[in-house]
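2 protein chains.
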Amino acid sequence: MPYVRFLPADVCVEAPAGTLLHEAAILAGIHDLELPCGGQGTCGQCLLELVPAGRLAMACQTRVWADAVVRVPENHDVALRVVGDSHFLVSEELLPERSKLSPLCRVERLTVPPASIEEHYSDWNRLVRELVRSNAGLPVSAPLAVLRDLAAALREQQGKVTVTILESGSALDVVEVRPGHGGGRALGLAVDLGTTTVAAQLVDLEDGRVLATRTTYNLQIRRGADIISRIDYARTRERQKELRGMALETINSLIEEMCRETGTGGREIRAAFLAGNTTMIHLLLALPPRHIREAPYVPTVNPVPALSAREAGLDIHPQAVVECAPGVGSYVGGDITAGLLSTDLPTNHENVFLFLDIGTNGEIVIGNADWMVGCACSAGPAFEGAGIKCGMRAADGAIEHLEIGADGETIRYQVIGGGKPAGICGSGLICLLGELFRRGVIDRSGRFHEEPGAGRIVPCENRRAFVVEYGARTAGGQDLLITEADLESLIRTKAAIYAACSLVIENVGLKWDAISRVYIAGGFGRHIQIADAVMIGMLPDLPHRLFSYLGNSALTGAYIALLSREHRRRLVDIASRMTYVDLSSDPRYMDNYVKALFLPHTDLEQCPSVARMLRNGRRNGS
Amino acid sequence: MPYVRFLPADVCVEAPAGTLLHEAAILAGIHDLELPCGGQGTCGQCLLELVPAGRLAMACQTRVWADAVVRVPENHDVALRVVGDSHFLVSEELLPERSKLSPLCRVERLTVPPASIEEHYSDWNRLVRELVRSNAGLPVSAPLAVLRDLAAALREQQGKVTVTILESGSALDVVEVRPGHGGGRALGLAVDLGTTTVAAQLVDLEDGRVLATRTTYNLQIRRGADIISRIDYARTRERQKELRGMALETINSLIEEMCRETGTGGREIRAAFLAGNTTMIHLLLALPPRHIREAPYVPTVNPVPALSAREAGLDIHPQAVVECAPGVGSYVGGDITAGLLSTDLPTNHENVFLFLDIGTNGEIVIGNADWMVGCACSAGPAFEGAGIKCGMRAADGAIEHLEIGADGETIRYQVIGGGKPAGICGSGLICLLGELFRRGVIDRSGRFHEEPGAGRIVPCENRRAFVVEYGARTAGGQDLLITEADLESLIRTKAAIYAACSLVIENVGLKWDAISRVYIAGGFGRHIQIADAVMIGMLPDLPHRLFSYLGNSALTGAYIALLSREHRRRLVDIASRMTYVDLSSDPRYMDNYVKALFLPHTDLEQCPSVARMLRNGRRNGS
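Chains F and S, in that order, are what the protein sequence lines are. The first sequence begins at 1 in the numbering used here and counts up by one. The second sequence begins at 1001 in the numbering used here and counts up by one.
Watch out, some of these pointers could steer you wrong.
[Claimed, not checked] Below are the SDA-like pairs computed for lysine to any residue, each with C-alpha atoms no more than 20 Å apart in a straight line: (1) F/Lys241 to S/Ala1152; (2) S/Lys1241 to F/Val146; (3) S/Lys1420 to S/Ala1472; (4) F/Lys160 to F/Gly183; (5) S/Lys1241 to F/Val107; (6) F/Lys389 to F/Arg473; (7) S/Lys1241 to F/Asp149; (8) F/Lys160 to S/Pro1296.
[What the hints assert, rightly or not] Sample of chain S residues facing chain F (criterion: CB under 7 Å; computed from the structure): (9) Ala1115; (10) Leu1144; (11) Leu1147; (12) Ala1151; (13) His1291; (14) Val1301.
[Stated by the list, open to error] Listed next, the stretches of chain S that the computed footprint assigns to chain F, with coverage defined by at least 3 CB atoms under 8 Å from CB atoms of chain F: (15) 1136-1143; (16) 1280-1288.
By construction, these hints were calculated from the structure, which means they are not laboratory data. All C-beta atoms, glycine included, are put in the ideal place defined by N, C-alpha and C.
Same shape as in the complex, but just chain F:
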């Protein structure tokens, strides 16, 4: 078998003839070779240098037929920069009242009366009878290990016991009965498993308190930047296992960090609720995702049956129950149904709402308690900070808001956590694009004018870039740049979102003015400037008071569902009532998209207030 030697790590590996260079790298323990296109050979991100020839070769396309030496370029970690802690918001108002909590795992302190000759119910039956207040008619069972200790536990402290109960599927499972009323608590985990970003919360299930929140990038990014690339990559059983391992490593690292931060142990976590799009859930569980992207676009399973943590692979109590939010179809997943939980869309019969979740995929739902239509578009990860030179997650060090003066050069910004900026998160990028356009630094196609702002424009990779902050004042010591390529990427993202919104409105036979509220969700940051999002033509030109920014609504929904059975039932209801519309098969989508590739839009009548402002701006000469 040929030998491949990888530089600069200088690792040697024997690989069967015909092995892809990328697979040989994995064999050699080199896991950070990214395949943003999923190994399709289209993105060129996995280029390796063949030594000594100096030729470049794509690791995902080049096979090893003889001994070879290759050099892995450095700086393969652009998308994975992680700075400090995150700042997702969960609205305290959405917390169910403590007395009404019905989490996936409960710890109850009961006093079980002894049996008598007249009422000789079994130990188990007497225990279940005391649980009746909270079991809501669900069947209750227990493993043999619990039953074997039950008689002793009930008799040790005159019937006083502390009972841990899991709700799994539509049944309850008593997993622990300890004598006495001391100690015993159960923690829960809420997870938003995104294509680019994964966020998790550690929750005290007794009172609903959030003990810790963490986010990180999904390690699967190395095998594809978006859903389609990752599905393409996951062709074989082995690669499905590899991607499952990456998703688990991502989530488990968040769990470990949160446990360390709070001084708790993973085994205290007895329940997890996951919200993720259909593909991410399939990849997490190593279910083959192929048919999600092949007509007629069906997933293997939806919703996913309740699992144990052992089956799911999470580093929490092995018997913990793991539930996933139900999705609607291949491209409207459990992240959307969970997100809708945090709004009044599913319960309000009066008005029509628009719900946008903008991540790597953009998902759009229109409707109310009586009808719902959902669709999806591929937005790309730009607003999550991935694929943008200065982009980063909404974490400490991220510029989340900025303003540019009329001169196009004075810049004021706000950094999450204070201190020097390390990058710009989604909300900051929307501000930046809006301000650059508002101030005339860029034109309607996103290219730099000669003036204003010329003082900050520098050459970059044969094109031009705008310096947001100079290296002397950044955390990394390098200039924070936004390049023309970045601007194009942001415009493509906003165009995809706007095109999808306008098509779905058209499809249900409504006009923009029928919408009484617009909910915006996504991992942009703590808040986005609606004015900027409307200015760049990402959001429809409606009165700003109609917009609400939800933050990471999928995480919020997962958190609520973890704590409340009523909301878990509502989730199932949302998924079953929503109609899915496939935009990709509608030829009007591409028309809408192309028209939206300008700032704010080719057709200025779509954006009357922006058009008015542009005219005023020009009149004012600024």
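Following the hints, put chain S in place on chain F, whose structure we already have.
The following block gives chain S in isolation, referenced to the frame of chain F:
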């Protein structure tokens, strides 16, 4: 630590000082030392000879403090004689119609239509939709392993799949999906787990055919002949494990024999339904049984939640579902509810029925579809052939029926399977007792008269015995003897049953003539002679046409429940509607028992037809 040497096996073992001789024997691998009294030191059956002193010591009471040599007496296997195959009946009439079978495990051949753009249900949803005919609204789930192969299986042969489904608790679990419509069958196991006798059937779950039936003695007999002794023995966690191991060894040996006989593999068995009394089920699962015999007499669990075969410990498919028939209380268990399934008592509103299940415990139920009262009495294992010198199970070689001529010496008998007799089973013992009494060989207290039958009376262990068959004509070459001690044991057994029946009738405020049918169940044999059972005063003196003999009704019930969801639900219903009456706390029980210790009864008015016959018999001088 002291050494103990066991003869004649000549095994040496090191045991911690203070170890019971009986425990040391187990350490030495000697497992056939029986403790019929459960180690209470009351029965003297575990006597060992201390060598060279020649003194005897009870293994269950004597502790090892220094090196010792002990001799285990031979012939410790009286109760475990097993001859040939068994002959329990299962009435074919009780079989649910094949088209209506809803067994605990089904194999279904389905054709799942492909998805379309309009109906883009997930693979799993389309499969579940096809199952809907048979899933009766129960939730359906599947393990990840099945889901991972689902997409491929559905597409390999245009949607044709063979699906294996388990019903566990009140949910369905798809455990296998194979492409195509070939092969695939599921076998089931019905088990009657009795205190003395264990019976099992191997069933084809597709058509309900019984492929094999086997019975054997419960190996736990070595640690106690009856329920109370076994509960006493099972004081420690370790002994609970030991008894669980013995029950499993018993059932698993039956499974192995049936699989060998039918050329099948244990892994083909995907479901088991067990009927057993509450104590036997506790001991099988190593649940502590102590509180069953301590006031207020409550078991740990009843009914037992559905288990996997792995949890239960059965040598069948590890994911097979194992259900136990629900019991009513500590002394009326799942064997009784299962037995009632094979009668029309739980569905008939018109008449009042009496149901007797006579095993080591005798259980009695009176009632109909509207009300049921159940109670239990300790009958002893005599009618199962245990504890009687010539007793044996109803298996090949057992005398199941006999007649004695007017001379008290001419004997005609019928042997199960033909050939030479090896012993006498329960039905034969009832015949024998009846005939000995009818012919005047024994008096009303069960002692031998001088005449008739004197020719067959021989001395035996300082008392007397009656030779049922001489050694020259028996399978073992030894005389088949019934001793005075055996007769006393049989009379105590019949007295316990009669006393319980008469008390429960009294308790519900009825007289014997209110009973319109008497069902008799138990492992006596293929049929019992009602005339003899009435003659000895075991059964009430009612017209013989009112009696029906059910054979092993617990096994029949387990078999029906294995195959039919409707009957499984009816079982739960029976258990919940029955009122349990505790006879042991009623002082009238002992009165009734003492009065019944004569043949047929102290008070001949209780048995008018027998009294008439006795008078007639005396008049006829026979």
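Hints and how they fare:
{"no.": "1", "hint": "F/Lys241 to S/Ala1152", "in the structure": "holds, 16 Å"}
{"no.": "2", "hint": "S/Lys1241 to F/Val146", "in the structure": "holds, 15 Å"}
{"no.": "3", "hint": "S/Lys1420 to S/Ala1472", "in the structure": "holds, 10 Å"}
{"no.": "4", "hint": "F/Lys160 to F/Gly183", "in the structure": "holds, 13 Å"}
{"no.": "5", "hint": "S/Lys1241 to F/Val107", "in the structure": "violated, 30 Å"}
{"no.": "6", "hint": "F/Lys389 to F/Arg473", "in the structure": "holds, 17 Å"}
{"no.": "7", "hint": "S/Lys1241 to F/Asp149", "in the structure": "holds, 14 Å"}
{"no.": "8", "hint": "F/Lys160 to S/Pro1296", "in the structure": "holds, 19 Å"}
{"no.": "9", "hint": "Ala1115", "in the structure": "holds, 4 Å"}
{"no.": "10", "hint": "Leu1144", "in the structure": "holds, 5 Å"}
{"no.": "11", "hint": "Leu1147", "in the structure": "holds, 5 Å"}
{"no.": "12", "hint": "Ala1151", "in the structure": "holds, 5 Å"}
{"no.": "13", "hint": "His1291", "in the structure": "holds, 6 Å"}
{"no.": "14", "hint": "Val1301", "in the structure": "holds, 4 Å"}
{"no.": "15", "hint": "1136-1143", "in the structure": "holds (count 4)"}
{"no.": "16", "hint": "1280-1288", "in the structure": "holds (count 4)"}
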